[in-house]
Amino acid sequence: KLDAFRLYRVATIEILAQGADLFSTFPRAIRKTEKGTQPTFAKTLEDYLRDKGTISRPEAGRLMPVAR
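The sequence shown begins at 959 in our numbering and counts up one residue at a time.
Simulated from the structure, these hints should not be mistaken for laboratory data.
There's no promise every hint is true.
The following label-pair restraints were derived from C-beta to C-beta distances [what the hints assert, rightly or not]:
id, residue 1, residue 2, range
1, 960, 1003, 42 to 48 Å
2, 959, 1008, 41 to 47 Å
3, 1016, 960, 42 to 48 Å
4, 1019, 959, 19 to 25 Å
5, 985, 1014, 27 to 33 Å
6, 959, 991, 36 to 42 Å
7, 982, 1002, 22 to 28 Å
8, 1021, 962, 25 to 31 Å
9, 972, 1023, 33 to 39 Å
Ideal Cβ positions, reconstructed from N, Cα and C, are used throughout, including at glycine.
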């Protein structure tokens, strides 16, 4: 069980930190920092797509919101 009054450190890829895939927790974070000199997920994806050339669109309805 998490303690609401304790400070926790987490690490994730920036796409989740920005709220992609319907993940809304990290964008509400009080403080965010970026560490290291590794390429970002976005840059890695961009390079992959550029190298791949033509790609197909994913199937519709792949992501579904989760009711809470």
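- Report the numbers of all earlier hints that the structure fails to satisfy, in ascending order. 1, 3, 4, 6, 9
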